[in-house]
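Engineer: One letter stands for each residue in the lines below.
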Amino acid sequence: MSEFKPRILAFYCANCASSAANVSESMSLGVPAGVKMVQVPCTGRIETLHLLKPFEEGADGVYVAGCQEDSCRYMSGILKAEKRVAQVKRILEELDIEPGRIETFKLSAGKGFRFAEIASEMMKRVQELGPISGG
Amino acid sequence: MNQEKPRGKVLVLGGGIAGIEAAMGLSEAGYGVYLVERSAALGGMMPSLHRIYPLCSCCKLEPRVAACEQDPNIQVLLNTTVTSITGEAGRFQVMVKQGTEDTALEVGAVLIAAGMETFDPSGVDSYAYGKHANVLTSVEYEQIQKPTGPQSGRVKRPSDGRPPRKIAWLQCVGSRDINLCDAPYCSSVCCMYALKEAVNTKDMDEEVETTIFYMDMRAHGKGFEEYLNRALDRGVRLVRSRVHTIEEDQDTKDLEIVFADEAGELQREQFDMVVLSVGLRPSQEAVDLARRMDLGITEEQYLATLPFSPLCTTIPGIYVCGGVKGPNDIGQSVVEASAAVAEIAATLAPEPFSEAPSAPAPSSPSAGEPAILFAYHLCEGMDQDLGDGMKQYAEGLPGVVGTLRVDGDMVKQISEKIKEYGADRLVFASCTPVIHKNLLEQALRAAGLNPYLAETVDLRALSPEGATVQLQDRVRMAVARAAFLSPPALKDVPVVKHALVVGGGISGMESALALAREGYPVTLVESEEQLGGHGRHLRTTWDGHDGQAYLQDLLSRVKEEERITVMTGTRVKENRGFAGSFVTTLDSGGRETTLTHGVTILATGAQPYKPEEYLYGSSEHVYLWSELSEKLIRDPAAVYEADTTVFIQCVGSRGDAHPHCSNLCCTFAVRTAVDLKAKKPEMNVYILYRDMRTFGEREKLYREARQKGVIFIRYEPDNRPQVEASKKGTVKVTVYEPILRKPVVIEADLVSLQTAIVGTGNREVADLFRVDLDQQGFLVESPEKLKPLDTTIQGVFMAGLAAFPKDSVESIAQARGAAARALEFLAKDSVQVGGLKAEVISEKCAVCCTCVRTCPFQVPFIDGSRGAAFIDPALCQGCGMCVAECPGKAIVMSMCSDDMLKGAPSVLLDTSLA
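Those sequence lines, one after another, are chains V and C.
Sequential numbering of the first sequence, starting at 1, is according to the numbering used here.
Sequential numbering of the second sequence, starting at 136, is according to the numbering used here.
Calculated directly from the structure, the hints in this document are not laboratory data.
Certain hints may be false.
Simulated crosslink set (DSS-like; lysine-lysine; CA at most 25 Å straight-line) [unchecked claim]:
no.	chain 1	residue 1	chain 2	residue 2
1	C	K232	C	K291
2	C	K1037	V	K89
3	C	K843	C	K815
4	V	K83	C	K1024
5	C	K266	C	K232
6	V	K53	C	K1037
7	C	K766	C	K843
8	C	K554	C	K572
9	C	K877	C	K862
10	C	K867	C	K745
11	C	K337	C	K301
12	C	K963	C	K547
13	C	K1037	V	K83
14	C	K301	C	K388
15	C	K745	C	K766
16	C	K266	C	K291
17	C	K922	C	K632
18	V	K5	C	K815
19	C	K963	V	K53
20	V	K89	C	K1024
Next comes chain V alone, as it looks inside the complex (with noise of 0.2 Å):
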């Protein structure tokens, strides 16, 4: 495959996306089309069941981007989110899958623009790591 398109799901809470909304209209940064975002309230209600369900689907990778723990408004829902990916993780690795596919993003309140930075980085880690081969 000369030219893999990843295809990303992207989990994000609903408060990254309120301000990353706007940081990214008045800078205009767009996050990447392979990126197909679903929002939650917080990233706390999102399951292991959820984050698998992608990859049976055929997504190339994963992520949760939620806010950070001292900015969190329900002040623990990305700590369960990382536990969760981090169960992911190892279960990606039976299946002999890139753990590196699935990863958990933190942002900082009033930095919005890092969401669309984000975004990037996942597509350039997938693009690089190619279509899943395992599994």
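On the provided structure of chain V, position chain C as indicated by the hints.
Structural biologist: Leaving out everything else, chain C in the frame of chain V:
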């Protein structure tokens, strides 16, 4: 106290943004409002503008106009003028004329929001307007730029229809000059709108050269300096100059601008088109009316207000807001409109035209397949094809029964279409759908549906390469999510009629008083041991009113107001709950109290940046400006011993660390310089500045300072003044003089550093109340836009320096405005909660207590009567953590269900639908 106030309706004169905002606020507070507009439509100046900086909110006008027209408590009188106002506060008789018909209206108060006009440059030789075809006013230029305008947004030269490649803007047309036709004041908004017009020109065609000829670039508001920097990055060119004449080439109709550059040398440059940035004038009709009524008028011909009461005219019961009281921008007009509501409420009890209507109780959607209405709203300037593409795509999606392009009255159009198509769910796409959230909920209620059965599509932040794919992804996902929605339970929760004000400076005290005088108990919390904040070193307002006398009066009014509980030495420790019912833990030196309150006003202030440069802290001759002000209050004689005083502007401002302009420092320096000169004319006073930002009527101080012999020297940011210890024991200030083109050395006895005002102290409180801060630490306004007093969290409002640096009088207006917004909320008996909430299915609950341990807010508890855990929807914050953790899957969240989260990947990754 309420019983003593007369009851009455209110007449608002002027249907621009200020009048509209005030009418809506008054109606919300229970008043019947006559909204009188002399033209044929509401909107005033705003419909003629093309986009608004720094964030466009043009789309916010339409829904407001519609809301005014439908509000049973607002009678809109178009094509109507006010001919006379007689009577007194509480009992005015207003004569209005509509065509040939005269009518007398009985009202308790009058609010003049008659707005402004733009300066007409016709007949002024040097501007050549009307003489040269390609010279336009900025208002005409924005009309041309509008995609819905006569030229569909394509800018052409009037002379030959050719698109201009090189456009010049001339600033201060009809402002900052004391010639025959000009006004002496600065019109305050023109620098920003010229930048906006240039940037919008670049947006249409990056290749067009845009040049702005200006004297001082006045980007003094929230986000303005950042906008200026972005404009410079985009290649907008700024030329500091004085324009002499505009000459026209007879054949080509090209224009040549003859101008003096900063060194005073005459230069010439060719342009295809020249835009005159025309200044503002108060509405002449309103000023004439004011004259007939003997209302106070300022020397600049604006309506005068009382000291420290920026909304009160010289006649009790008659109030003023917006552009007729000074050159204002939109944000400031909206703030003042709210503040005017608070002022009116203080003296007049509301008398409505009719009681508020009630919506039908929501029915539950019919069982079976979901029926979705896909509605969308395009901002002016958005690609029509975008809408058509979206509509077509949505029509092909499962569950979509109809589509609608909303244009104008959103609530009515959507609710009617829902009924027409028999839809039971809504998907709505727009740029920034969060700003339409309330309207969507209203529309669903009006259609008899649960207000939470809606999903939204944000049209922003699309990647330029994959916009179509992304848009389709988002529409598909929203439609799928809507299909997964089940109506959440709704519950009415009583509003706690108590307010919390955090911050005991001028803004906090003013807010607290405005709330208390309406009969609501207020807790005023201050972290320091005494009230006053920066008010303690407020020597004088810009127009010379005594700051300390005001502060003493304010402190005693707060002390006498029995409804205000002052808690000094107290910090906020914890906050939870929601608008209508917050619970806050306060910590007074280790002693904790818990307070329940319906609303919160954050007036936590800001701090001057403490510099390391300019010998600050190491030389006794170098003062921070707040210290100098304090010194002038407590020990003025010591200051007047100085023979030479130097003010250095923009210390730590407008640079990498703090990119914003701190707004009031230029005025502070000039005011202080004028006062020093008045008392000791022989004192040498220098002001070293970058741009002199004495905006609005403050310009007259700048003129006075120059007349009094204050010396102004402009410096470049890459060649800042140097301050060194002098052998004489004082300090030596060296600055490059651009007109002499050489450095000059000033031996100074006193140096005042006007340092940046920063919001770094707001972090803690912002996190506690979950509100957003901008990069500089100032509170961010609601994403709903055009709500400058609302934070990002409902029921939490802002006032004073915490929002952005501003002078005391503007802070007072903002404080009263924030109080008015809070009063609207407190006036409600209950708020409806529901929507994004977790719900326990009792039958499935194994009473394992996982949810009890998981919840960050300790909401779930084991309810013995149910034999299961219970989550109070009024307290649930909606994070969904318990839903994820519950081992028995006994907790559900209808707005973010498992089905949706499991189904999302297949919806989004399904290429067959893309």
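Engineer: Would you mind marking each hint as holding or not holding in the structure?
Structural biologist: These are the hints, each one checked on the structure:
1. For the proposed pair K232/C and K291/C, the alpha carbon gap of about 41 Å is over 25 Å, so the pair is violated.
2. Among the hinted pairs, K1037/C with K89/V is consistent with the structure: their alpha-carbon atoms are about 19 Å apart, no more than 25 Å.
3. A distance of roughly 11 Å separates the Cα atoms of K843/C and K815/C; the hinted pair therefore holds under the 25 Å criterion.
4. The straight-line distance between the Cα atoms of K83/V and K1024/C is roughly 19 Å, inside the 25 Å bound, and the hint therefore holds.
5. With a C-alpha separation of about 37 Å, the suggested pair K266/C and K232/C falls outside the 25 Å cut-off, and the hint is violated.
6. With a C-alpha separation of about 6 Å, the suggested pairing of K53/V with K1037/C holds against the 25 Å cut-off.
7. The hinted pair formed by K766/C and K843/C meets the criterion: a straight-line CA distance of about 23 Å does not exceed 25 Å.
8. Between the alpha carbons of K554/C and K572/C the distance comes to roughly 19 Å, so the proposed pair stays at or under 25 Å and holds.
9. Note on K877/C and K862/C: the hinted pairing holds, with a Cα-Cα distance of about 22 Å set against a maximum of 25 Å.
10. Under the criterion of a C-alpha separation no larger than 25 Å, the hint pairing K867/C with K745/C is consistent with the structure, at around 20 Å.
11. Of the pairs offered as hints, the one joining K337/C and K301/C holds, with about 11 Å between alpha carbons and a cut-off of 25 Å not exceeded.
12. Only pairs whose Cα atoms come within 25 Å are accepted, and K963/C paired with K547/C is accepted, the gap being roughly 24 Å.
13. Among the hinted pairs, K1037/C with K83/V is consistent with the structure: their alpha-carbon atoms are about 19 Å apart, no more than 25 Å.
14. A distance of roughly 13 Å separates the Cα atoms of K301/C and K388/C; the hinted pair therefore holds under the 25 Å criterion.
15. Distance check on the hinted pair: K745/C and K766/C sit about 17 Å apart at the alpha-carbon level, within 25 Å; holds.
16. For the suggested pair K266/C and K291/C, the alpha carbons sit about 18 Å apart, so the restraint of at most 25 Å is met.
17. The suggested pairing of K922/C with K632/C holds, with an alpha-carbon distance near 23 Å, which does not exceed 25 Å.
18. Restraint check for K5/V and K815/C: not satisfied, since their Cα atoms lie roughly 74 Å apart, outside the 25 Å limit.
19. At most 25 Å may separate the alpha-carbon atoms for a hinted pair to count; K963/C and K53/V exceed this at roughly 45 Å.
20. Note on K89/V and K1024/C: the hinted pairing holds, with a Cα-Cα distance of about 24 Å set against a maximum of 25 Å.
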